[in-house]
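Below are the chains, spelled out letter by letter.
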Amino acid sequence: MPSPLLILFRALAAALFHECLTSHAMSLELREIHKHFGPVRANDGITLTVEAGTLHGLLGENGAGKSTLMKVLSGFHSADSGEIVLDGKRIELASPDDAIAAGIGMLHQDPLVFLPFTVIDNFVLGSPGSWLLDRRQATDELAGLCERYGFNFDPDIPARLLTVGERQQLEIIRLLWLGARVLILDEPTTGISADQRAKLFATLKALAAEGMSVIFVSHKLEEVADLCQRVTVMTRGKVVGDAELPTPPERLVEMMFGQVLDTHERDDVPLGDSNLKFDSVRTASGLLSEEPISLDVKSGEVVGIAGMEGSGQDTFLRLCCGMRTPTKGTVSIAGNDLTDQHYREFLDAEVKFLPAGRLEEGLIEGLTVTEHFVLTDRDTNFVIDWDAARKRSEHLVDQYSIKGTEASTAESLSGGNQQRLLLAMLPAKLKVLLMEHPTRGLDIESADWVWEQLLARREDGTSIVFASADLDELLRYSDRILVFFSGRIIGELEAAATNVDEIGLLIGGRKAGAEGIPT
Amino acid sequence: MSGFLNAFGQMFDTATIASIVAGASALMFATMGETISEKAGVINLSVDGSMMLAALAGFVVAFETDIVWLGFPAAAAVGVAVALLIAFANIKLSLNQVAVGFVLFALTTELSRFMGNSYVGRPPVAVPAWDIPGLSSIPFFGPVLFQHNLIVYLSYMTVIATYLFMYRTRKGLELQGIGERPEAAHARGILVNKLRYFYTALGGALIGIGGAAFSLDVKLGWSDRPTRNLGWIVLAIVIFGGWHPLRAAIGVLLFGALQAYAINLIPEFPSLSQVLPSIPFPAMILALVVVNWKALLKWLDRYPFLRAILRSDPPTAIGTPFEVD
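Quick note, the sequences are listed as chains S and F, same order.
Letter 501 of the first sequence, counting from 1, is numbered 501 in the numbering used here, and no numbers are missing.
Letter 138 of the second sequence, counting from 1, is numbered 657 in the numbering used here, and no numbers are missing.
Hints may be right or wrong, so weigh each one.
As the list claims (entries may be wrong) - EDC-like, lysine to aspartate or glutamate: derived pairs with alpha carbons at most 16 Å apart:
no.: 1; chain 1: F; residue 1: 690; chain 2: S; residue 2: 459
no.: 2; chain 1: S; residue 1: 220; chain 2: S; residue 2: 186
no.: 3; chain 1: S; residue 1: 429; chain 2: S; residue 2: 448
no.: 4; chain 1: S; residue 1: 220; chain 2: S; residue 2: 309
no.: 5; chain 1: S; residue 1: 431; chain 2: S; residue 2: 385
no.: 6; chain 1: F; residue 1: 713; chain 2: S; residue 2: 97
Unchecked claim - Simulated coverage check for chain S against chain F, where a stretch passes if three residues somewhere in it have a Cβ under 8 Å from a Cβ of chain F:
no.: 7; segment: 115 to 126
no.: 8; segment: 475 to 489
Quick caveat, the hints were computed from the structure, so don't treat them as lab data.
It should be emphasised that the depicted structure is a prediction, and the values quoted were computed from it without experimental measurement.
Glycine included, every Cβ here is placed at the ideal spot set by N, Cα and C.
Here chain S stands alone, though its shape is the one from the complex (with noise of 0.2 Å):
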């Protein structure tokens, strides 16, 4: 039996933590906040203000630097220059520790649970407290707390019986439980249900009524739209703006992907004979698996593909070169069938995928450049001839101008390099070349650059398909446009009769002239 002063301690405990909860809300404000990782930019002078009790979307594509930030913030990356100031006070985050301690808690994407311990193990772990552990006390305050957020758990579970939402949901109330006043959640929604979804942001909002600063990072707009009420956009490591909720999304969209200044200045080339087709194409489940999709692409044509990151572009695009079957429907190149057959016979029939990935996918860490061309090269000797290869690779570094020599390796290029080695070992001729953000990361002159050769492949028939997060580049480049969302083509555009507002609209699920949001 507890003694009567330890209830009453207890009592004045859940008081005071209570009287935290309601009245002592935090404002937080960043000040130039600079983070660099070897050249990358990752934040570059970021000013952020969070309001005490608000709900706060930080919203960007993959790679603007929000993850960075929120490290910055939670003490897991020290900012190279730049202050946080909390209350009115600057602070210095060394570790997460000292974030703990100033009240700020952070949610990772996947949830930094310890999945062979239990429920209660996980929820005690790193608190402070006395030596000998109390698991029957801390149940009791879990089980307190779970009672009012209403989530449920079997303290005496290993956490790997959890569903990810779940273990979200324990974080959660341990980073409370902890004190915290300032919540940050990276990519919560990734891998959880629609169910749990909605749990999760009844429960942002109930914080937020209490006085908890919530950041909500996401790169779903329509996420961002339906929970804050302050929404920061992020693009390549700057603040591109910020807003008020609601606002209508295609503002949000036109700060993400920036301004169409110039439109459609090129050269026609005229289109040929079909050189990709799609024939009710869809998968068994998941995305692309709704609607069927039907396509032609013509030699000399350049398609562009926009959407939300993780819209189903991915998919299609690996549909188009056998790295994904379809269930349904038939893939033809150039007339012929290839449905059902694997990446090395799309190969034989010219057609060649890039994907966005150009360290992981697209080249060979530790290999030089001499060594990837001589690996592209389909030459069936069984000895390789370093001398040809040496003098072949030079001259392609040379034609393609990568900075770097022919003895450089692959990962000691800048983004740029890559991408113009990528091309270089492109075969001489293509049916249809397949990209995932072409000139990602690239400055302005090596992506028009890349763009130029690209462009130059159509007159001997290439069809181009790629997909981008840049409306300028889609515009620019493309004849047509495929837009998509929620695993499925939405609009099918073109580039010439279209503008950066129905783009927009049509990115955040909205078709021009509809009211409302699908779901």
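We have chain S; now place chain F onto it with these hints.
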């Protein structure tokens, strides 16, 4: 067939059981040390060599000073030094724990041979026997458990202390956390690498004490390669024990029983006297195979309680350095 049974029957003799209990002290210390180190994420592969060099250090100090107890801190210091080298190489230099541990095994083994040369055959110094008053006169349990020496009692207390520390204290839970998912521990404000140094060193100290228990208690005196590969068995027992101190302790006793059984078999099968003492080693491998047998584990999934006792998943982050970027 009757030979096997005869030898088996002799196992239940009070004196045999008492000798198994007493003889386990060295492996008990070392197994607890290795379990702690691996729980924190650092494999100390040098155990066999560490134990040997520590056994020598313990013997030399005890022999020269004629105070047997001084041998133990000396041995612990040797164990700590080797363990810290492994931790440093892994944490600071990001070198592979297995490679560094193996090289250190070879180094410490040769060092102990070379430096111990002049001590071979010297008269032994032994930990004095000490019967626990009262308890030692209980029939059967007295001779089996309470008629040994302080080092034997301490080795069993270390097992219980390790268990209580790991599962009943906040620090013990943190120890498990840094070996399981260091980034999650880091996110909770735990100083992962500092603790890894600490627990590797603590584990090394216990391995060292195990070495001294060897030369000052179990197998008195100094000879060439005195551990006879028992250090390697520690690594197997830690796995067999599923990184759990109590299960590992049972593993040590089972191994001791196997050794005793093999020795009992010698009079029954004199022609196999060269082969029989090595039976416990393949038997350990067999035990590991059984414990990790997929079909058995699958069957066990239906009995969560049994599965919880028998499952042996290693700490997830074992062997991998943790770097804060």
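Each hint, compared with the structure:
The straight-line distance between the Cα atoms of residue 690 of chain F and residue 459 of chain S is roughly 69 Å, outside the 16 Å bound, and the hint therefore fails. For the hint linking residue 220 of chain S to residue 186 of chain S, the alpha-carbon distance of about 12 Å falls within 16 Å, and the restraint holds. Under the criterion of a C-alpha separation no larger than 16 Å, the hint pairing residue 429 of chain S with residue 448 of chain S is inconsistent with the structure, at around 22 Å. A hinted pair counts as satisfied when its Cα atoms are at most 16 Å apart, and residue 220 of chain S with residue 309 of chain S qualifies at roughly 8 Å.
Between residue 431 of chain S and residue 385 of chain S, the direct Cα distance comes to roughly 29 Å. Violation of the 16 Å bound is thereby established for this hinted pair. At most 16 Å may separate the alpha-carbon atoms for a hinted pair to count; residue 713 of chain F and residue 97 of chain S meet this at roughly 14 Å. With 7 residues carrying a beta carbon less than 8 Å from a beta carbon of chain F, the segment 115 to 126 of chain S meets the three-residue requirement, and the given coverage holds. Counting residues of the segment 475 to 489 of chain S whose C-beta lies closer than 8 Å to any C-beta of chain F gives 0; at least three are required, and the coverage claim is violated.
The structure fails hints 1, 3, 5, 8 (numbered hints given earlier, in ascending order).
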